[in-house]
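> Protein chains in written order, with our numbering: chain R, 1 to 326; chain P, 1001 to 1326.
These are calculated hints, taken from the structure and not from any lab test.
Careful, some of the hints might be misleading.
Unchecked claim - In the EDC-like style, the derived pairs of lysine to aspartate or glutamate whose C-alpha atoms are separated by at most 16 Å in a straight line are:
hint, chain 1, residue 1, chain 2, residue 2
1, R, Lys112, P, Glu1109
2, R, Lys112, P, Asp1326
3, P, Lys1167, R, Asp57
4, R, Lys53, R, Asp23
5, R, Lys181, R, Asp167
6, P, Lys1196, P, Glu1207
7, P, Lys1167, R, Glu52
As the list claims (entries may be wrong) - Okay, the calculated beta carbon distance ranges per label pair:
hint, chain 1, residue 1, chain 2, residue 2, range
8, P, Thr1005, R, Gln24, 40 to 48 Å
9, P, Tyr1039, R, Asn5, 53 to 61 Å
10, P, Gly1037, R, Glu227, 42 to 50 Å
11, R, Ser130, P, Tyr1039, 30 to 38 Å
12, R, Asp298, P, Glu1080, 19 to 27 Å
Unchecked claim - Pulled from the structure, derived: some chain P residues nowhere near chain R, Cβ distances all over 10 Å:
hint, residue
13, Lys1033
14, Gly1121
15, Gly1128
16, Ile1129
Since we're looking at a predicted model, the values are computed, not measured.
For glycine and all other residues, C-beta sits at the position ideal for the given N, C-alpha and C.
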Amino acid sequence: MATKNLPMREALRKALMEEMHRDQRVFIMGQEVGYWQGTHRVTRGFIEEFGEKRVRDTPISEMAIGGAAVGAAMAGLRPIAEFMTINFAFLALDAIVNHAAKIHYMFDGMFKVPLVFRAASGWGDQATASHSHAPEPIFAHFPGLYVGCPATAGDAYGMLKTSIRDDNPVLFSESIALYAKPGPVPDDDNYLIPVGKADIKRPGRHVSLITYARGLEWSLLAAKELEKDGIDCEVVDLRWLRPLDTALVFESFKKTGRAVIVEESLPFYSFGSELAAQIQEHCFDYMDAPIKRVSSLDVPLPYSRHIELMALPNAEKVVAAVKEIL
Amino acid sequence: MAAPTREQQVEWYRQMVLIREFEEACYHLYAQKRITGVYLHLYSGHEAVGVGAVAAMERGKDHIITAYRDHGVGLAVGVEAKYLMSEMMGRRDGVSGGKGGSMHLASREHNFWGGYAIVGGHLPLATGIALANQYNQTGGVVISFIGDGATNNGYFHESLNLSGVWKLPVVWIIENNLYGMGTEIIRSAGNPILHKRAAGYGVRDMERVDGQNILAMHAAVKEAIEYARTEGPVLIEAMTYRYYGHGVSDKQYDTRLADELAQWKAEKDPIHLFRSKLVGRYKNIELELNRLDDDAKKQVAEAVEFAEASPLPRTMDELLSNIYVD
């Protein structure tokens, strides 16, 4: 397939632009999505292209943004609601969790809620404690919601398109650190990555590095480093935290017998703990070593640079974890 | 506006007595544990508010949404009592297949978008449904009930403001029954004249309406809908009173306010007031009204019989269906 090299930001922008041209029911709402051109420039040029009806600047009202998207979706539109950062989506947690995720079930299928909550996510760059979350696992806790976390520009493109066309509510997390990162993006309007489909980003034999979003970068760097010592890592990029492609995870683990789970988020009650539990439950006979987890440390993120970096995961920590179990 | 006809008024009386009978039955069924859920919030005392507002809607075009005190709206819009009663009892024939219960009644075909159980949570849904109507130029207006208690949470402020910013076709109706659970308005609102809050959001303030007088309710909501259809949002504060406490389990609270309750029942009961008005105005109407009283009893008895004969969901398929749209 022909591809174009684009930063993730532009891949997302392309997906949104194409889907808005494709379906008049799709519209965008959020803080600064219009005349400001989007805080992260994902909606650059949209207000000029589509006008105020379909590119809707909102007040700083996360509860209303979340809930209005739910109501509009129930009534037949296909809203894309943007939270400037995922930290602010906490203010809309009730709309997301109690309404978006549950209305289809609660009324036994009477209503559909086809919407996408987009949110810029991630730790680092001295953003400080309240602005430094990668809380995707929190949202993945709740049945009724899908959670997408792309790690590459091409995946971001295909996953966002799928999310917009799907009839279920999707929490779509975009790593701020990855917005500028370029990658090949298929030149195909209908490039769709099915919900819940993980991807082997690097095949290997000795150990499975299981990750998503920003963790992919650390995992691939670690794999390259470990290659020098003759250690062959398989890197599994989950892409979606819900539905979770456990089949591919188990397949990889049964091949390698060892796993390091790599995530940007916090360690308690996390993606890592869920996956580790599932692996031991389903692949116990294949386990050659304890499952290791690399995540942020269990601490609110400080401002000052040195201690901030100490709290964050990185490729070196992944390398060290792999060496511990080989 | 043309005065309501005799026929219309008889129909409103029919709905009001049906609601009263239905709620009395629920009260007893709950005490007998034939309705087994924890929550049951009855509409007795509020009948003129719900019936008056629904009567002002252009059916098939306008929409309605409410909180958890939702039985009355369900009956007023015309959902058959037997399907509502089945939902109370968690039966397969319930409007929400037994998954929603008392607080989550809805009927898409009647443009009744549901009852919701998080205080204020449905208000942004109303803005979203109104946005869809504005977006698609349907001319439809959304009526959203608001408990007085909900006026102090963020949803109220964010949703009313958004409706004002976007000039959405919404009629906001505060059902002010003087208590948010057990707390009197005067202990919870800095300014207890709740309709004045409209001014802060660019919402038209239609002030207080006597919620025990169905003719006044109907006239006010009719005017509000016509305004909202072309100009934007309106706020009405309907003054009313609840006969069974916040929920039916609030015995202690009822006892404490026995005198106040007795006075409302004696002097301001919406059904008695309306009945006297009709009897004074129309000769020979009494027999007709008596017959409606009897019909309501019969209909509710049949609904209970139907509901108790309806099967309870018992299979894993029923538990797991409609979490997601397939």
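> Regarding the assertion that P:Gly1128 does not contact chain R, is the least Cβ-Cβ distance greater than 10 Å?
At about 2 Å from chain R, P:Gly1128 fails to clear the 10 Å cut-off, so the statement is violated.
> Could you see if the CB distance from R:Asp298 to P:Glu1080 stays within 19 to 27 Å?
This hint is violated: roughly 55 Å between Cβ atoms.
> Can the restraint linking R:Lys53 and R:Asp23 be considered satisfied, given a maximum Cα separation of 16 Å?
holds, 14 Å
> Given the hinted pair R:Lys112 and P:Glu1109, is their alpha-carbon gap at most 16 Å?
holds, 14 Å
> Hey, does P:Lys1033 actually stay past 10 Å from chain R on C-beta?
Label holds. Min Cβ-Cβ 23 Å, cutoff 10 Å.
> Do the Cβ positions of P:Tyr1039 and R:Asn5 conform to the proposed distance bound of 53 to 61 Å?
Holds: the Cβ-Cβ distance is about 56 Å, inside 53 to 61 Å.
> Check the hint pairing P:Lys1196 with P:Glu1207 against an upper bound of 16 Å on the C-alpha distance.
holds, 7 Å
> Given the hint that P:Lys1167 pairs with R:Glu52, test it: the Cα-Cα distance must not exceed 16 Å.
holds, 13 Å
> A range of 40 to 48 Å was offered for this pair. Does it hold for the Cβ distance of P:Thr1005 and R:Gln24?
holds, 42 Å
> If we take the beta carbon of P:Ile1129, is the closest beta carbon in chain R still more than 10 Å away?
violated, 4 Å
> A cut-off of 10 Å on Cβ-Cβ distance, and P:Gly1121 was said to be off the interface with chain R. Does that hold?
Violated, because the least Cβ-Cβ distance between P:Gly1121 and chain R comes to about 6 Å, which does not exceed 10 Å.
> Assuming the hint says 30 to 38 Å, is it satisfied by the Cβ distance from R:Ser130 to P:Tyr1039 or not?
holds, 35 Å
Violation of the numbered hints given earlier is confined to hints 5, 10, 12, 14, 15 and 16; the remaining hints are satisfied by the structure.
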